[in-house]
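> The residues making up each chain are set out below.
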Amino acid sequence: MSRQERAAWLFAGPVLAAIAAMLVLPVALALLLGLTDYSIYALADLKNLRFVGLANFTELLATPLFWRALGNTALFAALGVPMAIGASLAAALLLHDATVRWKPLWRVALFAPYVTSVVATAIVWRFVLNTRFGLLNSALGAAGIGPVDWLGDPRASIPAILLFVTWKIFGYNMIVFTAALSAVPGELMEAARLDGASRWGRFRHVTLPAIGPTLLLAAVMSVAGFLQLFAEPYVMTMGGPAQSTVTVLYFMFDEGFRWWNLGQASATALILFVLILGVTAVQARIGRRYQWL
Amino acid sequence: MAVRRRTLRAIVANGAVAALTAVTLVPLVWMVTVSFMPRGSSSQVPVPFWPDRWSIENYYELLVRRQFEGAWFDYRILPALLNSIGVAAIATLLGLLLTVPAGYAFAKLRFRGRERLLKLLIAALVVPGQVAMLPLFLMFKELGLVNSYAGVILPGLAGVFAVLFVRQAVLAIPDEMLDAARIDGAGEGRIFVSIVLPLIAPITVTLALFIFLGSWNDFLWPLIILSDQERYTLPVAVAAIMREHAADGELMMAASVVTTLPVLLIFLPLQRFYIGGLLGGSVKG
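From first to last, the protein sequence lines are chains Y and H. Just so we're aligned: 44 in my numbering is position 44 of the first sequence, and the numbers increase by one with no gaps anywhere. Take any residue in the second sequence, count from 1 to its spot, add 293: that is its number in my numbering.
Since the hints were derived computationally from the structure, they do not count as laboratory data. Hints may contain errors.
Said to hold, decoys possible - Stretch by stretch, here's where chain H covers chain Y in the computed footprint (C-beta under 8 Å, at least three residues):
1. 25-31
2. 102-109
3. 123-129
4. 242-256
5. 259-272
The C-beta atom is built at its ideal place from N, Cα and C for all residues, glycine as well.
Start from the sequences and build out the full structure, keeping to the hints where you can.
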């Protein structure tokens, strides 16, 4: 082994060992765990562990709450992605305007919610969304809109949590989109203006095609994020009302660490994994089409 | 005429940005003002935004240990604060020690299997951490790591993203620089410490921020692995208090301030590194 090769293993070895022990091995074990009936009995004595094949999966598919969780998560993603991406794009377009001053200041302020703790800000939003004493309903009331029972009405609970999530994360993609916007060629914009294109026309035919790939990639990447919602329902609604905010991860946590059905929970985690893999495959395809990967 | 239109536009655009920022910051400002309201006074109509009387009773109740019906009682927020600081600091330190040299090795040192390992690392980026959590819990139970600080910190050290992030930054260093040092007889360790580290110092600060804030805000894993209140990190402790004191808005706001303020104080002076890192950090194969 050359001196350089020895140094390389010394440098990279420890983290590779950590990755093998704390990522690769557990994921492999998760596959096995998903095929067993690991429960509180096996937790007490491993002799009670049985191999059950795909029974966990067939049982999951016959569990109404699992389907409910899957449906809720899909709804979170379907509504949340346009909401969050739209908010990020709107903020980025506002910030991008040439006449706006103190841009770094606004950027930091708008980004600030992103770095805060989900648990702490979810608690704050629980009170913002409070039916009687919440800021949101009092603002809506001033505009003549009747009180909405945000976290108590099964039809309002997902939009309510999405309001919070959008508030918390829009700053991230706002930064990404501002960078993409500043790469839009200025001459092209000027040419369109001289040709008499309206502001909407310029946005539609110059800006949008230029930042389109970035938008698409951000949208697909945020799907994966919405599939992993957990702390928000845990803190704000405990999955309620009427199980309207039970997400896949919430279901997994409950199965695994409240009822100690670790086999079942692992099967749930694997299904989540497959869903995220699917999203990533789409993302890679888009990336390849636009030749960045 | 054109000048006036431009002025008008500037007013509208700046006004819109200022309004958006105000709306965004309202929940955070409200969190702070409510935390200083006397107990129960935020629950009235019209909803108060500013305290009639500034009071620190919520912080006093939250942070100070006191006698209650003959027994000592407190919310264990101070221990949780210390736990969070300790866990995040150690996670950051160990994370940097493990991933920065590895990122350099993957960028600049030739070793057998490098390309294959690199491909595996990029593939591993896809794996959501939650899949590993259930087996990790069982493994840690066997090892006696459940309910320990080590149990909280260890899984975070599998820093796949961090290695690729550092590698990306190191790729920009010209090979000639390192080869020149080699010809001058410098050892590999020496080259790393005195040439590479100073050059990637900014990216190291960015990575340290990512790891520290990630560890500070982490919720699911600490919730799973910690069972003893004395060991709780802040998010876990605050979520537990929330379950019992859901109606005590002022108290919960004070708890949220204690959880959010430290990260904002760290983030604000270093925001340039953080936000810059978001854009520079795209990982390529």
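> Run the structure past the numbered hints and jot down the numbers of the failing ones, going up.
Those not satisfied: there are none.
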